[in-house]
Amino acid sequence: MGDKYLSTSELPFCKGCGHHLVARNTEKALEAIGLNPLDVILVTDIGCHGIIDRKFHTHTVHGLHGRSVALAAGITLGLNNPSKKVIVYIGDGGATIGLQHLIEAAHRNFDMTVIIHNNMLYGMTGGQASGLTPCGFKTTTSPEGKPYSGYDLCRKANNVGASYARRIIGTGDYSGHLAEAFETEGFSLLEVMEICPSYGVKFNPDRKLTEIIEQADLKVKLYSNQIRKRYQVHLRDNPISLFKEKNEIEIEFHSELKDTFSLILSGSAGGGVQLATELFAQAAIASGLDVSKKGNYPVTVGTGFSSSDIIVSPDPILFTGVKDPDVVIIVSKDGLEHCRAVIERMKNGLLIIDENIDTPITGAEVLKHDFHGIAGARSAALYALFFYLHRNPVIPVDALVSALGKSGISDKVDLDMLLNFKIE
Amino acid sequence: MILANGSMLIIEALAKAGGDIFIGYPITPANSLYQYGIQRFPMSLAAPDEITTLQWMAGFSATGKLPVTATSFPGLALMIESINMAYMMELPMVIALVQRFGPSTGTATCGAQGDLLLINGLISGGYPVPTFCISSMDDCWDISASAASAAVELRTPVFLLTSKEMVMPLRGYDISSLSEIDPVSYSYHDDDRKYVPYEPGNNLVPGFLPVGNEKHQTRLTASTHDRNGILQHTTKEALANTTRLQGKILKNLPEFTFHELDEEDADTVIVSFGITSPAARRAVRTLRKNGVSVSHLIAKTLFPVPSLYIDTIRNYRRVVVAEENQNGQFRQILFGVSGREGVTGVNTIGRMITPEEIIEEVTGDGR
Ligand code: SF4
Numbered sequence: 100m101g102d103k104y105l106s107t108s109e110l111p112f113c114k115g116c117g118h119h120l121v122a123r124n125t126e127k128a129l130e131a132i133g134l135n136p137l138d139v140i141l142v143t144d145i146g147c148h149g150i151i152d153r154k155f156h157t158h159t160v161h162g163l164h165g166r167s168v169a170l171a172a173g174i175t176l177g178l179n180n181p182s183k184k185v186i187v188y189i190g191d192g193g194a195t196i197g198l199q200h201l202i203e204a205a206h207r208n209f210d211m212t213v214i215i216h217n218n219m220l221y222g223m224t225g226g227q228a229s230g231l232t233p234c235g236f237k238t239t240t241s242p243e244g245k246p247y248s249g250y251d252l253c254r255k256a257n258n259v260g261a262s263y264a265r266r267i268i269g270t271g272d273y274s275g276h277l278a279e280a281f282e283t284e285g286f287s288l289l290e291v292m293e294i295c296p297s298y299g300v301k302f303n304p305d306r307k308l309t310e311i312i313e314q315a316d317l318k319v320k321l322y323s324n325q326i327r328k329r330y331q332v333h334l335r336d337n338p339i340s341l342f343k344e345k346n347e348i349e350i351e352f353h354s355e356l357k358d359t360f361s362l363i364l365s366g367s368a369g370g371g372v373q374l375a376t377e378l379f380a381q382a383a384i385a386s387g388l389d390v391s392k393k394g395n396y397p398v399t400v401g402t403g404f405s406s407s408d409i410i411v412s413p414d415p416i417l418f419t420g421v422k423d424p425d426v427v428i429i430v431s432k433d434g435l436e437h438c439r440a441v442i443e444r445m446k447n448g449l450l451i452i453d454e455n456i457d458t459p460i461t462g463a464e465v466l467k468h469d470f471h472g473i474a475g476a477r478s479a480a481l482y483a484l485f486f487y488l489h490r491n492p493v494i495p496v497d498a499l500v501s502a503l504g505k506s507g508i509s510d511k512v513d514l515d516m517l518l519n520f521k522i523e
Numbered sequence: 055m056i057l058a059n060g061s062m063l064i065i066e067a068l069a070k071a072g073g074d075i076f077i078g079y080p081i082t083p084a085n086s087l088y089q090y091g092i093q094r095f096p097m098s099l100a101a102p103d104e105i106t107t108l109q110w111m112a113g114f115s116a117t118g119k120l121p122v123t124a125t126s127f128p129g130l131a132l133m134i135e136s137i138n139m140a141y142m143m144e145l146p147m148v149i150a151l152v153q154r155f156g157p158s159t160g161t162a163t164c165g166a167q168g169d170l171l172l173i174n175g176l177i178s179g180g181y182p183v184p185t186f187c188i189s190s191m192d193d194c195w196d197i198s199a200s201a202a203s204a205a206v207e208l209r210t211p212v213f214l215l216t217s218k219e220m221v222m223p224l225r226g227y228d229i230s231s232l233s234e235i236d237p238v239s240y241s242y243h244d245d246d247r248k249y250v251p252y253e254p255g256n257n258l259v260p261g262f263l264p265v266g267n268e269k270h271q272t273r274l275t276a277s278t279h280d281r282n283g284i285l286q287h288t289t290k291e292a293l294a295n296t297t298r299l300q301g302k303i304l305k306n307l308p309e310f311t312f313h314e315l316d317e318e319d320a321d322t323v324i325v326s327f328g329i330t331s332p333a334a335r336r337a338v339r340t341l342r343k344n345g346v347s348v349s350h351l352i353a354k355t356l357f358p359v360p361s362l363y364i365d366t367i368r369n370y371r372r373v374v375v376a377e378e379n380q381n382g383q384f385r386q387i388l389f390g391v392s393g394r395e396g397v398t399g400v401n402t403i404g405r406m407i408t409p410e411e412i413i414e415e416v417t418g419d420g421r
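Chains X and L supply the protein sequences, listed in that same order.
The first sequence runs contiguously to residue 523 in this note's numbering.
The second sequence runs contiguously to residue 421 in this note's numbering.
Don't read these hints as lab results, they were simulated from the structure.
Predicted model only: the values in this text are computed from it and were never measured.
The reader is advised that the hints may include incorrect statements.
Computed list of lysine to any residue pairs in SDA-like fashion (alpha-carbon distance at most 25 Å, straight line) [stated by the list, open to error]: (1) L:248 x X:446; (2) X:357 x L:340; (3) X:345 x L:248; (4) X:511 x X:475; (5) X:345 x L:237; (6) X:307 x X:206; (7) X:446 x X:475.
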């Protein structure tokens with residue numbers, strides 16, 4: 100063979116190493132199926148097998164230990180072109196550290212061929228045991244023989260849906276199997292069983308490769324050969340601007356607010372605190388004010404407190420933190436616990452609190468109202484905002500009514516009820 | 055006016071700037087970027103972990119697509135080896151880092167500015183990753199777009215640094231005044247001459263050709279390599295290639311130096327970046343209203359530190375660096391661990407720095 104795919108010069112492996120044959124058989128298989136070298140992308144990683152890339156005339160990508168499958172996944176998805184062939188070379192060590200990548204690629208059927216050079220140990224670093232080392236096989240780190248079995252990767256790849264998976268013994272001409280794998284649509288895996296003359300033979304001098312494989316119950320056979328479509332990333336033809344779905348808010352109202360005003364509304368998860376304050380923020384914009392709305396909640400957002408800091412101002416708001424709020428509204432016990440320190444610190448300002456909750460110590464003026472009793476758990480937060488605005492319209496009540504009307508939830512709430520303190 | 059958060063502006067800007075694919079793995083407080091990214095980008099992928107995220111990104115980048123992701127410290131920690139790989143292969147990508155309070159998993163829903171020392175030393179050998187920091191809603195737009203063009207023009211991963219309180223709060227924002235963003239364009243090697251993947255081109259940046267192209271062989275290599283992308287020990291050519299990684303960024307840094315400098319005839323300069331900048335701006339206004347002269351430098355290109363910052367702060371007797379971390383990381387980077395007389399910090403953990411704290415530091419006893 101010429102040097103169309105692979106340089107004719109000597110390959111960078113120890114004498115007798117099976118890696119020679121992987122490279123030569125790859126070359127032969129590519130020739131047989133007639134691929135142009137520049138239609139092939141060879142992705143290798145760290146391990147003896149990886150240093151072959153300099154000898155190939157294909158595109159070559161030489162990555163990190165055990166990550167070549169994931170790197171190749173990005174390449175094959177990025178190319179999205181079945182006339183290109185992405186081939187991955189990886190060792191048994193790399194397959195162990197990058198097992199997740201292999202499973203993911205097989206499961207999603209990324210279009211590539213992975214060739215595992217399985218010589219049952221880490222050759223490059225001195226012959227340590229890998230996740231694929233069979234039970235009883237001696238290595239530098241298992242001098243008495245590995246005490247437990249290795250993974251059967253072909254079986255795993257088949258289990259998760261790979262188009263093709265086959266284990267072969269890495270002797271002689273196996274280019275036919277390689278060609279078969281290369282021509283498979285989707286994910287194909289070829290596990291090539293080898294023994295490393297430098298370490299494997301040295302530590303296990305009396306054992307034959309075939310006998311080792313047999314004892315490990317690793318079948319030399321075709322595990323999977325099914326027709327399955329390659330995974331493709333959906334391409335949106337016309338991605339829609341994120342701004343498109345945001346309603347432009349017109350300034351339709353007027354606020355008399357002269358200074359920056361801050362409010363904390365605090366309740367429980369599921370109590371509509373975030374939605375209510377978002378509507379408040381929209382109403383503030385519609386009233387010509389600058390606004391900042393910040394949500395606070397525990398990591399598990401569906402439990403415990405849900406709190407929101409609102410700042411509105413006729414001037415641009417720079418700092419968005421709220422240390423000493425003008426008003427704190429508490430609609431649940433969770434909300435009170437979250438804000439207790441702030442409330443206790445308040446020397447003035449206003450605390451509005453549901454009348455079913457004990458009043459904490461505070462220097463603020465306190466107002467109580469039966470938000471829960473009148474509006475129910477889901478609307479208490481919104482009701483409390485109306486309650487406050489009715490008393491002190493930092494933004495007009497009508498601005499909040501309008502924001503609610505545009506929100507698409509207006510049919511789920513009883514507006515008359517939300518405004519019922521007007522007739523008190 | 056719309057009600058928007060910083061995440062929305064960042065993603066819209068990155069998509070407009072030519073981001074092709076958003077690859078994500080969920081992590082608080084970067085989730086809103088992920089969610090918007092999946093919704094807005096021409097392509098998107100959900101990865102099973104952060105190592106995979108970065109590897110997939112590198113693969114896409116090798117084919118000429120610009121990938122974007124968003125994460126926070128725990129995710130970044132997993133990505134580090136792969137970012138080093140992409141850096142060595144010279145693959146453009148944007149990594150938005152939304153800082154949260156650590157160490158370790160810390161408090162996911164609390165902001166911080168505690169990852170500067172990590173980013174500054176992220177590449178083994180100390181090579182700089184261009185790092186851009188967002189200090190306002192406007193920056194979410196402009197700086198994000200600039201980060202995308204820096205990635206492509208310098209052929210490198212870049213960081214877009216932000217923190218929870220910058221990307222999550224909703225703000226009233228006037229989008230009608232936003233500038234147009236043009237998609238960044240790749241200049242491919244377009245020549246019959248043999249393509250040498252790591253031959254220093256214009257401004258030391260090698261010309262790019264995606265793998266899979268039909269004209270020239272492309273080699274990408276994470277290990278020390280020569281101009282052809284062939285793995286080498288420490289040969290002269292290979293060392294020169296590694297040296298160039300820093301050179302190309304330093305050489306082109308002026309073009310990618312973004313900052314705001316608001317100077318007065320003053321003896322003190324406040325230095326801020328990211329979430330402390332709005333508080334510092336407020337502090338500067340109040341100080342001036344009270345007759346205290348003060349200057350203000352907002353650093354938006356954080357790494358490598360532009361010499362312009364050094365030249366500026368050298369003129370001030372007092373320098374106050376405000377940052378949401380315990381040990382004054384940017385201060386250390388600017389002045390070294392031994393510091394300099396007149397240099398102090400305003401530092402907090404677990405909460406935002408207030409304008410009052412900055413004012414106090416400027417006017418207080420440390421004066
Ligand atoms: S050490 Fe083993 S695996 Fe590595 S090249 Fe030599 S024989 Fe092959």
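* Compare the structure with the hints numbered earlier in the document and write down the numbers of the violated ones, lowest to highest. => 1, 3, 6, 7
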